[in-house]
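Protein chains in written order, with this note's numbering: chain Y, 1 to 211; chain U, 1 to 211.
Simulated from the structure, these hints should not be mistaken for lab results. Errors might be hidden in some of the hints.
[Stated by the list, open to error] Stretch-level coverage of chain Y by chain U, calculated; a stretch enters the list once three of its residues show a Cβ under 8 Å from a Cβ in chain U:
id: 1; region: 141–151
id: 2; region: 156–168
id: 3; region: 171–183
[Claimed, not checked] Just a few of them, taken from the derived set where beta-carbon distance is under 7 Å, the chain Y residues facing chain U:
id: 4; residue: G43
id: 5; residue: I123
id: 6; residue: L125
id: 7; residue: A129
id: 8; residue: L186
id: 9; residue: A194
id: 10; residue: R195
id: 11; residue: A201
id: 12; residue: L202
id: 13; residue: L207
[As the list claims (entries may be wrong)] Have a look at the derived ranges for each label pair, beta carbon to beta carbon:
id: 14; chain 1: U; residue 1: Q79; chain 2: Y; residue 2: R98; range: 46 to 54 Å
id: 15; chain 1: Y; residue 1: H133; chain 2: U; residue 2: E71; range: 38 to 46 Å
id: 16; chain 1: Y; residue 1: A102; chain 2: U; residue 2: E87; range: 39 to 47 Å
Here a beta-carbon is modelled for each residue, glycine too, at the ideal position from N, C-alpha and C.
In case you want the letters, here they are:
There are 2 protein chains.
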Amino acid sequence: MSASESLPRRAPTRTTAAAAARRETLTPERWIQAATDVLVDRGIDNVRVDVLANELSVTRGSFYWHFRDREDLLRQVLQAWRDRATEQLTARLRQANRDARAQLRDVLSLPFRGRAAARAARIELALRAWARHDAMAREAVDQADASRIDYICGLLETIGFDGAEARQRAFLAYGYVVAESLLSTLGSAPERAARRRLVEALLQQALRAPQ
Amino acid sequence: MSASESLPRRAPTRTTAAAAARRETLTPERWIQAATDVLVDRGIDNVRVDVLANELSVTRGSFYWHFRDREDLLRQVLQAWRDRATEQLTARLRQANRDARAQLRDVLSLPFRGRAAARAARIELALRAWARHDAMAREAVDQADASRIDYICGLLETIGFDGAEARQRAFLAYGYVVAESLLSTLGSAPERAARRRLVEALLQQALRAPQ
Chain Y
1 MSASESLPRR
11 APTRTTAAAA
21 ARRETLTPER
31 WIQAATDVLV
41 DRGIDNVRVD
51 VLANELSVTR
61 GSFYWHFRDR
71 EDLLRQVLQA
81 WRDRATEQLT
91 ARLRQANRDA
101 RAQLRDVLSL
111 PFRGRAAARA
121 ARIELALRAW
131 ARHDAMAREA
141 VDQADASRID
151 YICGLLETIG
161 FDGAEARQRA
171 FLAYGYVVAE
181 SLLSTLGSAP
191 ERAARRRLVE
201 ALLQQALRAP
211 Q
Chain U
1 MSASESLPRR
11 APTRTTAAAA
21 ARRETLTPER
31 WIQAATDVLV
41 DRGIDNVRVD
51 VLANELSVTR
61 GSFYWHFRDR
71 EDLLRQVLQA
81 WRDRATEQLT
91 ARLRQANRDA
101 RAQLRDVLSL
111 PFRGRAAARA
121 ARIELALRAW
131 ARHDAMAREA
141 VDQADASRID
151 YICGLLETIG
161 FDGAEARQRA
171 FLAYGYVVAE
181 SLLSTLGSAP
191 ERAARRRLVE
201 ALLQQALRAP
211 Q
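Pulled out of the complex, with its shape left as it was, chain Y reads as follows (with noise of 0.2 Å):
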């Protein structure tokens, strides 16, 4: 089945008052949110112009009073998406608290928060397959990661690890948040709690020297 097939068929909404009121009203950031539904659901190739205008019911020729092309909409997908899942959010964990202990404790715990959560590890996860085989995407995950790694880091030196075992903990820390969005069929609700507080303990334990 091509893509232009699966798209449900509907009848030409142009000459309407209520289609022109929708148009007027489309923000940019409407058209932002449904590039990145349709990212999520069907994957990059279908994030398309026409495909965009025919969800939306608006005319094609409307994307242009905001977009310059295609590109210019991705781009702008990219950097919502770091603003909204990289820089607000950290700002929102510096902010609810000051402690290093309890951020990080906020950190481990961002799989658990319901629908939110589960939506935002399918935007992640559709962002990285398509930053698999696209250097644009592929630039904006990896600063995203790198990003919020750095985050990470700083609360484990403030709880007290040097430099590069900060560092590397970080990324144990940050790679458990990943895998837990992942794979989260896996372990009833008191299993996946259980490993959150082993997780968050092991973490700040100092290594003993080996046996």
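Since the structure of chain Y is provided, determine the placement of chain U on it from the hints.
Below, chain U alone, put in the same frame as chain Y:
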């Protein structure tokens, strides 16, 4: 660009002797491999009989010598992946070392095995993206995850952790391997080696009582 536009156009090869010979020697495994390649490079929507026949320079009809339909092919793609990336892998790990600690070290080093590891990571990411909206793929991925964690859990029980804690630690070990495969651009080779040694040590270190 639609899926069909992105395919390279090839001259018809039906009538050439070379194509006839190729068609006769095409095994089911070759179709499964081609399907896996297309899945990884272009996503599940492009894994279609016409696309694969084009890739392999054979007629669509020859597909039906080996498979009932597309669904049958997809089931065998998943089965082949499961055999190779879970059953054969754990059997090899068990045979390479009798010692549980050495086997655990081998598990943690899987993401570092060069091109084979990178290829395996690309396949798994594509399968996980597919599994987000397909029940058959979801079941295959979940079973593989559970089976690998069972294997690691057995190692940690042998090392001396009790059932529940062994399972929690097995998740951490597996989560680390998944994350290291997914985040392979993060950190230099020495940094990656250092964090692997840290995980290996932390995983085998008993928890201290909370302070």
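Each hint, compared with the structure:
Note: the region 141–151 of chain Y has 4 residues with beta-carbon separation from chain U under 8 Å; the three-residue rule is met and the coverage holds. Counting residues of the region 156–168 of chain Y whose CB lies closer than 8 Å to any CB of chain U gives 4, so the stated coverage by that chain holds, three being the minimum. Counting residues of the region 171–183 of chain Y whose CB falls under 8 Å from any CB of chain U gives 10; the rule of at least 3 is met. Against a cut-off of 7 Å between C-beta atoms, the interface hint on Y:G43 holds, since the closest Cβ of chain U lies about 5 Å away.
Here the hint on Y:I123 is broken, as its CB sits about 11 Å from the closest CB of chain U, past 7 Å. Nearest Cβ of chain U to the Cβ of Y:L125: about 6 Å, under the 7 Å cut. The hint holds. Satisfaction of the interface hint for Y:A129 is found here, the shortest Cβ-Cβ separation to chain U being roughly 4 Å, below the 7 Å cut-off. A least Cβ separation of about 6 Å between Y:L186 and chain U falls short of the 7 Å threshold, and the interface hint therefore holds.
For Y:A194, the interface hint holds, since its Cβ comes within 7 Å of a Cβ in chain U; the closest pair sits about 6 Å apart. Below 7 Å, beta-carbon pairs count as interface contacts, and Y:R195 has one with chain U at about 4 Å; its hint therefore holds. Interface restraint check for Y:A201: the shortest CB-CB distance to chain U comes to about 6 Å, inside 7 Å, so the restraint holds. Interface hint status for Y:L202: upheld, as the beta-carbon distance to the closest one in chain U is roughly 5 Å, under 7 Å.
Interface hint at Y:L207: satisfied, since its Cβ lies 6 Å from the closest Cβ of chain U, which is below the 7 Å cut-off. Between U:Q79 and Y:R98 the beta carbons are some 53 Å apart, a value that agrees with the proposed interval 46 to 54 Å. The supplied range of 38 to 46 Å is broken by Y:H133 and U:E71, whose beta-carbon atoms lie about 26 Å from each other. About 43 Å separates the C-beta atoms of Y:A102 and U:E87, a value consistent with the hinted range of 39 to 47 Å.
When the structure is compared with the earlier hints, violations turn up for hints 5, 15 and for no others.
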